[in-house]
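Novice: With chain A held as given, fit chain B onto it using these hints.
If you read the protein sequences in the order shown, they are chains A and B. Numbers 501 to 644, taken from the numbering used here, label the letters of the first sequence in order. Numbers 160 to 295, taken from the numbering used here, label the letters of the second sequence in order.
The list that follows gives simulated cross-link-like pairs (lysine-lysine, DSS-like), each with its CA atoms no further than 25 Å apart:
#: 1; chain 1: A; residue 1: Lys561; chain 2: B; residue 2: Lys214
#: 2; chain 1: A; residue 1: Lys621; chain 2: B; residue 2: Lys186
#: 3; chain 1: A; residue 1: Lys621; chain 2: B; residue 2: Lys237
Keep in mind that the hints were calculated from the coordinates and are not lab data.
Here is what each chain is made of, one letter per residue.
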Amino acid sequence: MFPRFSTPSIWREMDRMQREMNRLFNDYTPFRYRTAPSYPALNLWADEESVVLRAELPGLKPNDIDISIDDGDLTLSGHRMREELPENATYHRQERNYGSFTRSIRLPFKIEADEVEATMKNGVLTLTLPRAEEDKPKKITIKT
Amino acid sequence: MTEETKAMEVQEQERVPEERTERMRDKACYLPQSDIYETEENYHLVLDMPGVDEKSIDITLEKNILTINGFTDVDAPKGYSLARAEYNIGDYERSFRLTDQIDRENIEASYEDGVLRLTLPKAEEAKARKITVKTT
Numbered sequence: 501m502f503p504r505f506s507t508p509s510i511w512r513e514m515d516r517m518q519r520e521m522n523r524l525f526n527d528y529t530p531f532r533y534r535t536a537p538s539y540p541a542l543n544l545w546a547d548e549e550s551v552v553l554r555a556e557l558p559g560l561k562p563n564d565i566d567i568s569i570d571d572g573d574l575t576l577s578g579h580r581m582r583e584e585l586p587e588n589a590t591y592h593r594q595e596r597n598y599g600s601f602t603r604s605i606r607l608p609f610k611i612e613a614d615e616v617e618a619t620m621k622n623g624v625l626t627l628t629l630p631r632a633e634e635d636k637p638k639k640i641t642i643k644t
Numbered sequence: 160m161t162e163e164t165k166a167m168e169v170q171e172q173e174r175v176p177e178e179r180t181e182r183m184r185d186k187a188c189y190l191p192q193s194d195i196y197e198t199e200e201n202y203h204l205v206l207d208m209p210g211v212d213e214k215s216i217d218i219t220l221e222k223n224i225l226t227i228n229g230f231t232d233v234d235a236p237k238g239y240s241l242a243r244a245e246y247n248i249g250d251y252e253r254s255f256r257l258t259d260q261i262d263r264e265n266i267e268a269s270y271e272d273g274v275l276r277l278t279l280p281k282a283e284e285a286k287a288r289k290i291t292v293k294t295t
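Pulled out of the complex, with its shape left as it was, chain A reads as follows (with noise of 0.2 Å):
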């Protein structure tokens, strides 16, 4: 279904469908019963020594923006804007949401907090995170 992704295992596979059901099913609850979802929707990717994140944030500029890393803790914050309408206009839709948000993750290791690389484009903010070197894991070779 998927064939981008290195054919993950069974079980991650499953627990990815049960969060995309239920984010679906969430969609289609009545407002009052929603549970407020995590914004923004986070991908993420990982080696031994970085992690790459991805979240869509349509409509922000870099600057509206907050990322800080607290040793392994990630929190990303920002605001978006509502849309500046010109007097005397009239909605007849509107789905886009607007508002702050704040979210934090634990990152699977600590991070180089200082090369920390942030990209935007076309809406998708794009973070490569690197390992702490002392985080790194050590080889230990048998002396004969």
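Specialist: Frame of chain A; chain B shown alone:
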């Protein structure tokens, strides 16, 4: 008053009956979240389409159906394995049915920071007019 209700017909139509060929892209396709608002001169359409390249956006107006297509080209970073996925990447497609009260020749579109904005000017005859009462 009749003027008012007519103007409200710029409503979205969820799915246009298929006349074209089937989609052949191996990707999910989403309805972008949209706002529609009206000012004295124009109708405005605002669509969230993050991850789309400006050049890949395709806007067509056939008869009175305005169709917006956006194709994403965001690939997973190479050499990494997926650790957590909360959203899925896909293309965008949405159609709207327009009334006759739109000046078709002068529809404008702009794309910035993942947001597509369309300005649909009202046709001359659809604009609100002030009628002054003459006194004799």
